[in-house]
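Enquirer: Spelled out from the first residue to the last, the chains are:
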Amino acid sequence: MNCIIIDDEETARAIIQQLCSQVDELHVIQDFPNAIQAIKFLNKEEVDLIFLDIHMPDFTGFDFIDTLKNPPKIILTTSDKNFALEAFEYDCIVDYLVKPITLPRFLKAIQKAENATVSAKVETKTESSLNPTSEENELYINIDRRLIKINIPTINVIEAKGDYILIKTEKQNYTVHSTLKKIEEKLPDDLFLKVHRSYIINIKKIIDIEDNSVLIAKDVIPVSRSNRPELMRRLNLL
Amino acid sequence: MSETPNLIYIKELAAGSVVFEQKLIGIVKREFPEEKKEFLNNYATNAYSKAAENVHKLKHKIGMFGYEEGYQTAINFEEGLKDNDPSLYSKFMLILESIEQFLKTI
Numbered sequence: 377m378n379c380i381i382i383d384d385e386e387t388a389r390a391i392i393q394q395l396c397s398q399v400d401e402l403h404v405i406q407d408f409p410n411a412i413q414a415i416k417f418l419n420k421e422e423v424d425l426i427f428l429d430i431h432m433p434d435f436t437g438f439d440f441i442d443t444l445k446n447p448p449k450i451i452l453t454t455s456d457k458n459f460a461l462e463a464f465e466y467d468c469i470v471d472y473l474v475k476p477i478t479l480p481r482f483l484k485a486i487q488k489a490e491n492a493t494v495s496a497k498v499e500t501k502t503e504s505s506l507n508p509t510s511e512e513n514e515l516y517i518n519i520d521r522r523l524i525k526i527n528i529p530t531i532n533v534i535e536a537k538g539d540y541i542l543i544k545t546e547k548q549n550y551t552v553h554s555t556l557k558k559i560e561e562k563l564p565d566d567l568f569l570k571v572h573r574s575y576i577i578n579i580k581k582i583i584d585i586e587d588n589s590v591l592i593a594k595d596v597i598p599v600s601r602s603n604r605p606e607l608m609r610r611l612n613l614l
Numbered sequence: 375m376s377e378t379p380n381l382i383y384i385k386e387l388a389a390g391s392v393v394f395e396q397k398l399i400g401i402v403k404r405e406f407p408e409e410k411k412e413f414l415n416n417y418a419t420n421a422y423s424k425a426a427e428n429v430h431k432l433k434h435k436i437g438m439f440g441y442e443e444g445y446q447t448a449i450n451f452e453e454g455l456k457d458n459d460p461s462l463y464s465k466f467m468l469i470l471e472s473i474e475q476f477l478k479t480i
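Quick mapping for you: the protein sequence lines, in order, are chains A and B. So the first sequence is numbered by my numbering: it starts at 377 and just counts up by one. So the second sequence is numbered by my numbering: it starts at 375 and just counts up by one.
Looking at chain B on its own, in the form it has when it is part of the complex (with noise of 0.2 Å):
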């Protein structure tokens, strides 16, 4: 996977305002634990239709983070459990934990 996460969206929704920019932050580095934590507990048990949904949640910080191929896998993985295809998994996995130590890093 060559790409790394980016705060370039970030800061131009920003505008300036580092206010919003530490917001942002915050909310994000609250909310992508529990969506991952959610994600994996539904992917466990197989619960692939919920995954999907959890997925769906994620990938919008997958497209905040300047990623465009991540985004994609983010899409097809989600087509790919709601036809009960899990093969995407660790791509995806790959672009959650690099999020996950971006995040520690900001």
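Looking at chain A on its own, in the form it has when it is part of the complex (with noise of 0.2 Å):
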């Protein structure tokens, strides 16, 4: 199994590391101090299993499972207990270690992992609760550790704002840590359509259309000239 280990002390990481040289199946091909600079590696590589620390300062490992689309098994590292049964609540977790972790221990959560079928069960939790077509047409936003719904109709506009989106409903605004193309990948395609690389609207939210820009609720949104023609073709012109 290929992995990686999160973690901010470099002291549990190079235990993390020396307790994965001691099991042959296991090879670690980065360790990194913030969840930040897992993501951005994610996005490139692929790995089977995570060794992630709950407690990082501003971003959490559970911020961190809540940005990754088909997250691989993880095994939680943490001093703490407190968050066991929060872990229990994802499907991706396979153990819950508390720090100093043992070797005993250790080989324990690797048996676990590799007798997990995670993959099967993210997947099913997926098209089941996430996919926007299914009957609930629902969506949930992580805001402070707290899983938000939303109704995707209700969604007006959904911006880019650097490693943030903002998504703006008919009564409320969410920040939320993710991209475009995540959100896109979530969002039925005969509701929403990005017209501007940095804004995806909803369609049936559009009060009028003037030139390179349409109006929605209050906020005039840009549509990029590539974008101008798939965006009339969606409308029903009279």
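Derived by calculation from the structure, the hints in this document are not laboratory data. In this text, all values refer to a predicted model and were calculated from it rather than measured experimentally. There's no promise every hint is true.
Cross-link-like lysine-lysine pairs, in silico, DSS-like; alpha carbons within 25 Å at most [stated by the list, open to error]:
hint: 1; chain 1: A; residue 1: Lys457; chain 2: B; residue 2: Lys465
hint: 2; chain 1: A; residue 1: Lys484; chain 2: B; residue 2: Lys385
hint: 3; chain 1: B; residue 1: Lys385; chain 2: B; residue 2: Lys397
hint: 4; chain 1: B; residue 1: Lys424; chain 2: A; residue 2: Lys457
hint: 5; chain 1: A; residue 1: Lys445; chain 2: A; residue 2: Lys525
hint: 6; chain 1: B; residue 1: Lys456; chain 2: A; residue 2: Lys457
Both chains are given apart, each in its own frame, so use the hints to dock them into the complex.
Expert: Following this line, the structure appears as structure tokens:
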């Protein structure tokens, strides 16, 4: 199994590296002092297993998991037993190791990872609860460790803001650590359209269109020249 | 405080590898004073929430050096700081100082 280690404490990373070196099937590709660097890595590479510290500044282990579309198997490593219950809410988490980690306990966790059929579970979860074409038509977003449900048709506009996206709904706005590309995959094609590199709009919410912009609620959204033909094609023009 | 630091965990982990043992001790020698300093700074400015995060990190090293009661003290102190209760400070500092002295001998 190819794995990575994410922990802001160098001592912890060295210990997990050493534990991994004692298991022939494990190959540590890289370790990371924070989740952001790991996300960049995972955008290019696939791994089978992640050793993930929960308690990290700025971006927790759970925040990290929520950014992954198809998370691999994850073994949490922590000095805090209080997160155990929350960990069980994630299908991808196969075990929970409390530091300092001993070799026998580590080996048990690896055995669980090998036995786990997590990929299938994640696939099922994705299809049943996150796919907007399902009956619920719901999307869950992670805000401060809370999963908040959004009714997809109530979304007006989604705007890219660096490493974050701003989701504007009929009632409320939400800032989420994600990308337009990721959320675009969760949205129904017949309702949403990317009209600009920084904007996805709900075409049912358009009030009017003027040259290179559309008005949705009180927002004027730019429409790039290349996306305008597709937008016009989607409209029921008289 | 009756507990004293030891290398049992690190030696078990090293499984005979002196290279790893020395590497890990080197990392701890570098990381521990930094974490302690950050904790003391936060504690001195009454930034108890941040100090609790520092205790959380230090807790791992306290466990690594074989403390059991001390580890529990760290857990209680971390929780206390989150509730603005610093009453275990002196007890916690004794553990840190004991580790600090121990690191000078290895």
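Enquirer: Confirm or reject each hint.
Expert: A quick look at each hint next to the structure:
no.	hint	in the structure
1	A/Lys457 / B/Lys465	holds (22 Å)
2	A/Lys484 / B/Lys385	holds (20 Å)
3	B/Lys385 / B/Lys397	holds (12 Å)
4	B/Lys424 / A/Lys457	holds (19 Å)
5	A/Lys445 / A/Lys525	holds (17 Å)
6	B/Lys456 / A/Lys457	holds (16 Å)
Violated hints for the displayed structure: none, as all numbered hints are satisfied.
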